[in-house]
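So the chains spell out like this:
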Amino acid sequence: MVPGLWFLRSSIGKKALMAASGLVLVGFVMAHLAGNLLIYGGPSALNAYAEKLRHVPALLWGARLFLLAAVAVHIATSVQLAIENRRARPQRYRLQRSAETTLAARTMLLSGFLVLAYLVYHLLHFTFRTAHPEFSRATDALGRHDVYAMVVLSFQQPPIAFAYVLGMAAVCFHLNHGIGSAAQTLGLTHERTIRLWALAGRLLSFALFIGYVSIPLAILLGLVG
Amino acid sequence: MTLDPKIPPGPLPQQWDARRKALRTLDPSAAQGYRVIIVGTGLAGASAAATLAERGFQVEAFCFQDSARRAHSIAAQGGINAAKNYPKDDDSIERLFHDTIKGGDFRSREANVYRLAQISNAIIDQCVAQGVPFAREYDGYLANRSFGGVKVRRTFYARGQTGQQLLLGAYQAMMRQVQAGRVRVHPRTEMLDLVVADGEARGIVVRDLVSGEVQACAGDAVVLATGGYSTVYFLSTNAKGCNVTATYRAHRRGAWFANPCFTQIHPTCIPMAGHYQSKLTLMSESLRNDGRIWVPNRQGDTRPPAEIPEAERDYYLERRYPSYGNLAPRDIASRAAKAVCDEGRGIGPGGQGVYLDFADAIRKLSRKTIEERYGNLFDMYQEITDEDAYAAPMRISPAPHYAMGGLWVDYHLMSTIPGLFVIGEANFSDHGANRLGASALMQGLADGYFIVPLTVADHLAGRPAGRRGSAAHPAFAAARREVEERTQRLLGVRGTRTVDAFHRQLGKLMWDECGMSRSAQGLTRALAEIPRIREAFWKDVAVLGGGEELNQALEKAGRVADFLEFAELMCRDALHREESCGGHFRVEHQSSDGEAKRDDARFCYVAAWQFADDGQPPVLHREPLTFEAVPLSERSYR
Amino acid sequence: MNFTLRVWRQKNAADAGRFEMYEAKDVSPDLSALEMLDLVNDELQRRGVDPIAFDHDCREGICGSCAMMINGFAHGPQPAVAACQLYMRHFKDGETITIEPWRARAFPVIKDLVVDRSAFDRIIEAGGYISVDTGGAPEANSIPVPKRDAEEAMDAAACIGCGACVAACPNASAMLFVAAKISHLAKLPQGQAERARRVLDMVERMDQEGFGHCTNHYECMAACPKSIHVQFIAQLNRDYLRAARTRRPSGCKSD
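Protein chains in written order, with the numbering used here: chain A, 1 to 225; chain B, 226 to 863; chain C, 864 to 1118.
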């Protein structure tokens, strides 16, 4: 049985939705990286992969709508929780110190907002190709959209590469707390695994960061392209 | 008026069953018509509130704390006794009864104590069903340990927090009835007087501690579960808020006070450290199961304990009481500690402490075992004293802990005022002159869960329903006015000394003259001194602020004012009881080797004091005690 | 030792409140933080100043009455103790110590450092118990409980209800308190019959009381005088999500 609307109003219900939608997006970030890493296989590998995705529009749009929904749920719940959390302490402390929390945990709203801003730019850049059209319109020898060239040409511009690294830093910083936190919220953790989940989340977010930023770095250093 | 304890006829084992059958009952729909006021929400009060509500009564529960869950029962560490005989130590109801009578030095009522032992098993069943997480063995069954003054393992425990867990069980049962609409809890509300109308307890006057409003609350019966009065000594193991006001005010309204001089000094507390210390912290008596108590042989031996060789140590409890050793009952252990300290062999700052040494236990059982058994207590000790008890022996010293005395009640736990019931530590009934370890929780819950709900029902069954809520009787307005006037008087003094200063002064006097050992001379001096302190109090106490607000100094002032009257009653009782028994040790009455000398020919009775009037001496009434099942004998733990 | 205290003074719920500075002189390092306040209060009263109101009772860390932020930490900077067991030897001589009440919408200030924590009682009232009438209990040893379960239940049951978890939480969430109660009863066989109803109803009441939401900072665990572990919050989440699949809170008649 699926719980009713009351569940959405409850504290744990909202957080479970936020956590579940977050984990969907983590899955996407991982899959996306796997695709991106094809760049190390050369233009044919990446372009063929991109072409294949476009060949099944139903799947592509299904995935896009699903992800869009996850983003919408994640943002809606987090904003609501953030507002309610502020209301829960109308008068702040003169002095409050922390003993356990992390910078990443305390800045989830800020890092989330940065991720959102970056996401908009990123979609304009690579998906809608309106941000930097001069690098995005080429086709390769087989007449496919030349994703490889788009990426390489873009990241040869240091400001674009820098923005990308910053954006990925925000994403991974967000996940640094987000993954372990989602596991706790969904009740997946136990006494012995609680720290493991947090550690796994940190390691995974770091690995994702390395994977993602390796591409612009490789391009800037001339290792790819 | 004569004292009728209403003990059922017949042999002890059948008395309670027979009486239970004879008690009148009210079915839940009829019970709805009655309102029961319960003051205090510790083990006794909360369990009574829950059970009375389950049976249909409308219950109004009052406590001065901000939540009912905080009553001082919560601080009981060691455990709760029951005659379950799970460890197959040949324990039985008879044996628990026997131990309690003997432990109380033959100054308790056989019928009550027998009933307590009988009920003990049902308490454990009830608490387990409520989800009290008692310690268990690896097979999943309940664990037991032995406890001060007893050789069998009959104590159930939840780490060092048994009182907390039992109280949470009772509190939760009560909160369930709050949800059901049958209990209303009034936190931060203090009872300041009892209303007696037409010879019956009909209500109380309370002060809302937040708004300061003084109100009368009417009911069909009043149950006092307000705990003991050890804070008369200022420094004690009790909570800061513990006080005698409810019972003393009831005393002034006609409830007789029984054996007020029977107070218990607990042997294993952390010694006092300095002037501004506000309380003494108890280290659970269970520590005596594995720790050995000693002092140096030589007076004024200031060497660190590790440097004192075995031959120069006096394990005085093991020496004097070879049979019970370190497990000797509290009164005996405390007095023995005082004796060695008086000889100048006490240790630590002020020389008022003795060592409780775990070195042997750690050698024998491993440090890990000791950590498992007492880890939290060792941590607590470290926190307070900044000393590591794994490395060096603990320093302990005796401290006021429990009041065996309390309002006189009959077998139904009803006081000399009809309709006023008194349960838990607030009454005098079951512990005689000394309480055994892990018996207080047992008594509080026996009274609250299993006795008073039946006897209150019996009392009300004979009375018309529908009087509840009616505070129309002029006695209500009069009592309220008196409370308001008293409050105004306290606020009006505007003197120069704080309430605590007077409380400390009284406490020191009581500790010196009416504490662990008492003499006619000292008590006479105290009886002369107390009125002087009281007079000074009413002339010079500083209570700032007003009555219509949260005013903690005012709360304390009211309590200390009552202590200043009650202390006199304690000393008077101690002076009249010319014998030594249990916690009451009169220096004039001791054997050549310093043991207490009871005088059964003259003092085998309960002393119940009737309030006369201000300035008049109270009137003594005697309830003779007879011992049939456990013949009177010298209480020996040698 | 000598200290300068910066203490929150607020006459009543309606008063805006402000900080006042006081001197605490000749404080023995063996005094607890509350005994130091006693000392300051003695001095204030001698000067005719209304003493600082603060909740306290047992002064041995078990009743859960005392409640104050000391230098930015609930119950002060020492781990695993309540303010009554916080000894002044842990502070630096001459230090300025800031003392504030718990701050949360669900814990309104009554006076100075005294706050109203009755929201906790109402959460328990909503279902924090096992329904068994007095006298209706089976023989205690009829249901064995694995030692490990009993120990875990006790780990959770150690909660003293002081509210430090709420006070320390950046979101003023009461999740650790609720989790402790839920887990205590969920670990025991006696608690199973009402397990689903209990968790839904207690969380619903928690939400109604205006506490914030847990965002897994775990400040509560660090502040808790009994070191209640946040694994119990995972237990609470798990129980809640499981229960929500089959039933709804009692107070929620329809969707």
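Wrong hints could be hidden among the right ones.
[What the hints assert, rightly or not] List time: in silico DSBU-like cross-link candidates among lysine-lysine, alpha-carbon distance up to 35 Å:
#1 C:K1010 / B:K309
#2 C:K955 / B:K764
#3 B:K327 / B:K822
#4 C:K1010 / C:K955
#5 C:K1010 / B:K733
#6 B:K593 / C:K874
None of these hints come from the bench; they were simulated from the model.
Against the structure, the hints:
1. For a cut-off of 35 Å, the pair hint linking C:K1010 to B:K309 stands: about 19 Å separates their Cα positions.
2. Restraint check for C:K955 and B:K764: not satisfied, since their Cα atoms lie roughly 41 Å apart, outside the 35 Å limit.
3. Between B:K327 and B:K822 the CA atoms are separated by roughly 14 Å; this keeps the pair inside 35 Å, and the hint holds.
4. A hinted pair counts as satisfied when its Cα atoms are at most 35 Å apart, and C:K1010 with C:K955 does not qualify at roughly 44 Å.
5. A C-alpha spacing of about 46 Å is found between C:K1010 and B:K733, which places the hinted pair above 35 Å, so the restraint is violated.
6. Distance restraint check for B:K593 and C:K874: the Cα-Cα separation of roughly 51 Å exceeds the 35 Å cut-off, and the hinted pair is therefore not satisfied.
Of the numbered hints stated above, those contradicted by the structure are hints 2, 4, 5, 6, listed in ascending order.
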